[in-house]
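Residue numbers (my numbering), protein chains in the order written: chain P, 1 to 540; chain Z, 1001 to 1540.
Misleading hints may appear alongside valid ones.
[Claimed, not checked] Listed next, the in silico DSS-like pairs over lysine-lysine satisfying Cα-Cα at most 25 Å (straight line): (1) Z:Lys1412 / Z:Lys1432; (2) Z:Lys1436 / Z:Lys1187; (3) Z:Lys1018 / P:Lys412; (4) P:Lys436 / P:Lys503; (5) Z:Lys1412 / P:Lys18; (6) Z:Lys1503 / Z:Lys1518; (7) P:Lys436 / P:Lys490; (8) Z:Lys1120 / Z:Lys1436; (9) Z:Lys1523 / Z:Lys1187; (10) Z:Lys1518 / Z:Lys1187; (11) Z:Lys1018 / P:Lys337; (12) P:Lys18 / Z:Lys1337.
It is worth saying that the hints were derived from the structure and are not from the lab.
Protein chains: 2
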Amino acid sequence: MPGATDQTLRPFLWRAQKMFPDREVVSRTHEGVQRYTYAEYGDRVAQLANALSAAGLGDGDRVGTFCWNHHRHFETYFGVPSMGAQLHTINPLLPDHHVQYIVENAADRLLFVDPSLVEKLDEAYDEEAFASVEQFVVMGEEVPDTDLSPVTDYESFLADEDAAYDWPDLSEDQPAGMCYTSGTTGKPKGVEYTQQMLWAHTMASLPEAGLDLRSSDVVMPVVPMFHVNAWGMPFSTTAAGAKHVYPGPSPTPADLASLIEEEGVTLTAGVPTVWLGLLDYLEENDADMSSLETIVIGGSAAPQSVIRRFDEEYDVDVLHAWGMTEMSPIGTVARLKPGMESLPKDQQYDKQAKQGLLIPGLEMRVVDDDGEEVPWNGEDFGELWVRGPWVTTEYFERPEANQEDFEDNWLKTGDVVTVDEEGYVKIVDRAKDVIKSGGEWISSVELENTLMANDGVAEATVVGVPHERWQERPVAFVVPAAGTDEDALKAELVEMVKAEFPKWWAPDEVVFIEEVPKTATGKFDKKVLRDQYDDQSLVE
Amino acid sequence: MPGATDQTLRPFLWRAQKMFPDREVVSRTHEGVQRYTYAEYGDRVAQLANALSAAGLGDGDRVGTFCWNHHRHFETYFGVPSMGAQLHTINPLLPDHHVQYIVENAADRLLFVDPSLVEKLDEAYDEEAFASVEQFVVMGEEVPDTDLSPVTDYESFLADEDAAYDWPDLSEDQPAGMCYTSGTTGKPKGVEYTQQMLWAHTMASLPEAGLDLRSSDVVMPVVPMFHVNAWGMPFSTTAAGAKHVYPGPSPTPADLASLIEEEGVTLTAGVPTVWLGLLDYLEENDADMSSLETIVIGGSAAPQSVIRRFDEEYDVDVLHAWGMTEMSPIGTVARLKPGMESLPKDQQYDKQAKQGLLIPGLEMRVVDDDGEEVPWNGEDFGELWVRGPWVTTEYFERPEANQEDFEDNWLKTGDVVTVDEEGYVKIVDRAKDVIKSGGEWISSVELENTLMANDGVAEATVVGVPHERWQERPVAFVVPAAGTDEDALKAELVEMVKAEFPKWWAPDEVVFIEEVPKTATGKFDKKVLRDQYDDQSLVE
Ligand SMILES: Nc1ncnc2c1ncn2[C@@H]1O[C@H](COP(=O)(O)OP(=O)(O)OP(=O)(O)O)[C@@H](O)[C@H]1O
Ligand SMILES: Nc1ncnc2c1ncn2[C@@H]1O[C@H](COP(=O)(O)OP(=O)(O)OP(=O)(O)O)[C@@H](O)[C@H]1O
Ligand SMILES: [Mg+2]
Ligand SMILES: [Mg+2]
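Excised from the complex, chain P in its bound form (with noise of 0.2 Å):
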């Protein structure tokens, strides 16, 4: 049969050392800013290989991280995967239960942990659950007063280690990375990426289309490791031939605006209220962002007043994207189109506020409640199916979850939304957050924007709860702004909705709380709400 060499990472890597031996990599770690070249990198990268080869690690192995943004997990990145292991970054701000069933259900045998986390892994470590962990590994020099046993630091785990290793050729079935789901929507679900989802999605971000990365770039992931891969960045910098840049420990607003200051970050990329921090940061604050050209948002919507806000203020290009840990995880980006720059600016803050145009690469359909494609015209909207090589076709372990996700390849992403003439997608709503009122939608998000809108409100999250009449009514959850006259601003709300909305799109009820409850990846976690107020009582 025809064919050619599989894909795998381990071109990347060799490119990037061979060519690209002097350009750096910078890392904020607890020990201060250090740097490195890639030539060293590769060489630590080969260490790394070999401590997990004398470890007895080795193929189909999972090796998971607990980790920050710094070099030493880069180093992980490729190192895990690339001699044969499968690298499973963890969320260190999940719950202590949710640590658990991910440990124990992707049964790591190696833990990496950041000497900030140890404390933490350290409560959430269950006897049970962590019985296949033969190992801690702490991310220093130093290994910190701590019951994880046994356990060592990186350094001391690399130290007489060869940096020369001898790259296996491995197929690109072969499992290189996981990453759990947010559990936004229920219980976290493991997406297993192969060699060749990693490298499909790494020469997909590469070009205009996707991240638009290029050698002279310096791409800061402020998204978390652990949030699929940083969106792949590390791998798609190192691709690329182009220097790095992480923030390393839960990074301030004044981290990052002095990282993008000396360093020369021309790309960085997080979720929205990242973004928001360091605009307000920035009001405040002296500091030169000339260098940065891009900031790409995702993980939730970008509001278009940060889009607004950084053009023209800051000269900023906001490159608002969508993706799903089962994507691995980059779908849409929202890059005008050749001749769209002539458009009225508010026009071009609309088109850059949607989703954006799926990357090459992959394909889509919309579909309604009857399996019906809907048009592209901006206002009919439908469940969103996605498909292409860096797109998962099944959970790891979740037999039911498969039923429910996916068909003949698709994966049916849970997301509604429009489709503008131009291809253009925008998400208007979660599936299971869409209330059906007497058959019709209503989109609990657009609700959201409304209602954040009003000065009085400080948060607010808008979820359908069971009518015995109408299916589902919309219920409003609101954080008011400090001092704010609750009765007047309830009254308010409902007016702000029925003017822009249709009548019945208005909440049954307006209900005043001290903080919407958010998932470990900092979106609104509507399961607590419905949980809390599942009676009906509050719609009769």
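Got chain P; can you put chain Z with the ligands on it based on the hints?
For chain Z with the ligands alone, kept in the frame of chain P given last:
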């Protein structure tokens, strides 16, 4: 087993059709310049697939093309492989016995042929060799006088077909394309391209390290579509959502200049002679080249003078690329690295005149006669070996060549190269053309460059002739410029070589000839010269 959807060409077609419906495909044909949009293109591709199905073609059937660069040929690029058949592009410039060998070897079931090539195909027709061919389709609106039979015209072939086709889910291992090597060093060898190889090559062509294609680009492949799929550009241009311009049958420099000017071509590509022709034309004629940003030159070495003239006189960047039929075809691209734009121009041209950097996704090694890797110092040379997802691991039905040209999934390219400290590959010679004298190597290419720098030389080539004592000795074959004194020139040339190289590099004989024999791809055909001059009398 975890995984994702197979890598096929389908999503590229889908995306261009749906997201860039109004971008144009422009084509110079015997009927004049034609233009339509991706939307119409998609309809016609579907019609073609339906027509092929109706003709009884499908899974794994080979469909040959004997065509220049135009929109109908482009329709076969997606139509044939996406319905499950295999697109086999045939070089119409080949001698008849090669065409016969290739059609018989590939067992093509249907042949598309250009009106202007019907006569040529008529001549090459051989009942036995063409036994597999069931039908001929002429690429136009009518059938010229011909013995080919049964025969129909393309527009009638498509006319009654539906403009929708239910594209199948193909395996990525499905053969999608086929092309034969140029036959420079022996009988042409068939290379099959799977869906996956074409997918990977397309993705690799898009980013900066490849051709850096953007949706705003206007791409004109001058390299024929029968030369390794016009270097994959019909696919990559579609994936980028860019505009296509096809220059049609035998375009003159005037045709090219007017298409560039009228269609706003930003990127074009072809072998060196095309661009020498364009430069000559532009010296005598006015044409607006201001839209043109990049010329990709490959197939043979791009002379530094061409790179310089396009930069200095037209502000056009030459992107020198190296590839092979076996590599789908792109392997290296000589793009400057960040920082190099501040080097003196001459040093920039030096780099650009090399064949360049291996593109991401591939790996290479350069090995000497003992199989040892040579250092990257720009001096030591050896044979270039490559591997990767768009590099074949076998020839079609050529077991002896497979034995010779592949080892452990590495393709031994047969090209002798140096690699400099920055990783830029420079082709020094073909392994088969390198002259081995007294155990040392002499580069025929370097000798040729020196000889051709003499104004008295129109063309020159150097081959090794067997020698009892020294194994081989160089003999130069020179086409003198009009009115040159041959004896004086001979002495001068030998002196030039001695001045620049070790004395023993000087040719033992300079033979004056009327023309350097060329292959169907326009490369010097040293086989012919060697056959003519294989006796040792020349060097004794
Ligand atoms: N740019 C964006 N705008 C709006 N929503 C987004 C965007 N990017 C991602 N999302 C949301 O995030 C989801 C993917 O998130 P992730 O894979 O981290 O897990 P989750 O879907 O939140 O959790 P779970 O699948 O376990 O319920 C998408 O399906 C979409 O709902
Ligand atoms: N930019 C370039 N500079 C120098 N040589 C090049 C360049 N690009 C391609 N080549 C030459 O062309 C070869 C590939 O050509 P192709 O696949 O068309 O067939 P061929 O090698 O000429 O013929 P055959 O393999 O049948 O002998 C390369 O191996 C190399 O020798
Ligand atoms: Mg999800
Ligand atoms: Mg060859």
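Evaluation of the provided hints:
no. : hint                  : in the structure
1   : Z:Lys1412 / Z:Lys1432 : 12 Å, holds
2   : Z:Lys1436 / Z:Lys1187 : 23 Å, holds
3   : Z:Lys1018 / P:Lys412  : 20 Å, holds
4   : P:Lys436 / P:Lys503   : 15 Å, holds
5   : Z:Lys1412 / P:Lys18   : 20 Å, holds
6   : Z:Lys1503 / Z:Lys1518 : 29 Å, violated
7   : P:Lys436 / P:Lys490   : 23 Å, holds
8   : Z:Lys1120 / Z:Lys1436 : 40 Å, violated
9   : Z:Lys1523 / Z:Lys1187 : 15 Å, holds
10  : Z:Lys1518 / Z:Lys1187 : 14 Å, holds
11  : Z:Lys1018 / P:Lys337  : 13 Å, holds
12  : P:Lys18 / Z:Lys1337   : 13 Å, holds
Violated hints, listed in ascending order, are 6, 8; each of the other numbered hints is respected by the structure.
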